[in-house]
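Asker: Assemble the whole structure, with the sequences as input and the hints as a guide.
There are 2 protein chains.
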Amino acid sequence: MGAVGKETDVVRQTRHHPAELDLIDRKILGALAEDASRSYAELSSIVNLSAPAVHDRVKRLKRDGVIKSTVAILDGCKLGRTLLTFLVVDTSSYNATRQLLTFVNRPEVEELHTVAGDGCVFVKVRAADTESLEEFLMEIQSLEGVRSLRSYIALSTFLERGPSPD
Amino acid sequence: MGAVGKETDVVRQTRHHPAELDLIDRKILGALAEDASRSYAELSSIVNLSAPAVHDRVKRLKRDGVIKSTVAILDGCKLGRTLLTFLVVDTSSYNATRQLLTFVNRPEVEELHTVAGDGCVFVKVRAADTESLEEFLMEIQSLEGVRSLRSYIALSTFLERGPSPD
DNA sequence: ATTTCAATCCGAACATTGTTCGGCTATAAT
DNA sequence: ATTATAGCCGAACAATGTTCGGATTGAAAT
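Residue numbers (the numbering used here), protein chains in the order written: chain F, 29 to 194; chain L, 29 to 194.
Simulated from the structure, these hints should not be mistaken for laboratory data.
Do not rely on the hints blindly, as some may be mistaken.
It does not matter which identical chain is used: a pair holds within one copy or between any two.
[As the list claims (entries may be wrong)] In silico lysine to aspartate or glutamate, EDC-like type, Cα no more than 20 Å apart, as pairs: (1) Lys55 x Glu163; (2) Lys90 x Asp157; (3) Lys90 x Glu62; (4) Lys90 x Glu188; (5) Lys55 x Asp103; (6) Lys55 x Glu138; (7) Lys55 x Asp146; (8) Lys87 x Asp53; (9) Lys96 x Glu138; (10) Lys55 x Glu162; (11) Lys90 x Asp63; (12) Lys87 x Asp103; (13) Lys55 x Asp84; (14) Lys96 x Glu163.
Answerer: This is the structure:
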């Protein structure tokens, strides 16, 4: 009983994703999530390891998919997108939901999720101005099977970042 | 009249941020927003310029704040955060709003905005599981001046990215 | 028309950083 | 005891980032 039970337990824990990360891994992840342009030399002094050791760890974290990618964060306003809005779309049919999913190609759409509650789709939109937002909203409302559409227009943004390792 | 009018017009346009970006700038921004680990050599072949020329442009884009930073994107699930939720908090006092803003320090909070509508705060939360989410929700509800709290739990994520230059 | 100025580009040299390698140590299993 | 594995290090090497001088262009001023 002891041996077999132990083994399956280990399998259970490992099966569904969560990677095993020690404190050093988390420090590295935190540092890179904040600023991915840090050199291995800088990281190595943060965690008190050599540069190659940090390199190995980062390589492993990328291979395991903990670090999905590294991207440049752009300033929406500087790009001419001044209006951040969150939409909750209530759809009455699967077809409508499917149609909404095609909006992932729009440059002003930054996030698109399905959320709990009957046929709800959640959208984060960064539009150029009120005009182009209105156009966008009307386009959604005119879809067959869109029951209601609530919008939350952002006034001030106090925090905007990705998943934290802490 | 002509000259003076013209000048103030130019000032107006420039005054409130939007940077002047040509097609090459936008191509570079798009490439880096997708994958910031691209080398200058690779970028130079994308836009048909030399590496130093691209370097100059990127340097300018950083100086002007169009590129705010470059960060590593981590996998929430791999970190043990499996539950993505959006909250709309309706506050009845400024004091309550101010208290909510202190949540920017929580590692599970990824976004925090004030939104239009009386005293509304919008929060993006990535919690470990339903338990820790419930704890978090209760903590918010127990704040003085929090009128209502709606939560949208994400089922599937189809798109998640930053501002696009297109 | 000519000149001046600023912006942009390029190739080539240079500096920094990323990456690989062999060897060392510690731990755990045989 | 001994083998295997994982993790670390310093040093060499490879790739990339970065700077520089000079050439070209276009616009503004003379």
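Asker: Run every hint past the structure and note whether it holds.
Answerer: Quick rundown of the hints versus the structure:
1. Lys55 x Glu163: neither (44 Å within a copy, 26 Å between copies)
2. Lys90 x Asp157: Classified as neither; 38 Å inside a copy, 24 Å across copies.
3. Lys90 x Glu62: So Lys90 and Glu62 pass the 20 Å test inside a copy (16 Å) and across (16 Å) alike.
4. Lys90 x Glu188: The answer is between: 19 Å across copies meets 20 Å, while 23 Å in one copy does not.
5. Lys55 x Asp103: So Lys55 and Asp103 pass the 20 Å test across copies only (15 Å; inside, 27 Å).
6. Lys55 x Glu138: between (28 Å within a copy, 18 Å between copies)
7. Lys55 x Asp146: Neither. Shortest intra-copy (40 Å) and inter-copy (39 Å) distances fail the 20 Å Cα cut-off.
8. Lys87 x Asp53: For Lys87 and Asp53, the Cα distance is within 20 Å only inside one copy (11 Å; across copies 30 Å).
9. Lys96 x Glu138: Answer is both; intra-copy 17 Å and inter-copy 17 Å each pass.
10. Lys55 x Glu162: neither (43 Å within a copy, 27 Å between copies)
11. Lys90 x Asp63: This pair counts as both: shortest intra-copy Cα distance 16 Å, inter-copy 14 Å.
12. Lys87 x Asp103: between (29 Å within a copy, 15 Å between copies)
13. Lys55 x Asp84: Intra 15 Å, inter 32 Å, cutoff 20 Å: intra-copy only.
14. Lys96 x Glu163: neither (34 Å within a copy, 29 Å between copies)
When the structure is compared with the earlier hints, violations turn up for hints 1, 2, 7, 10 and 14 and for no others.
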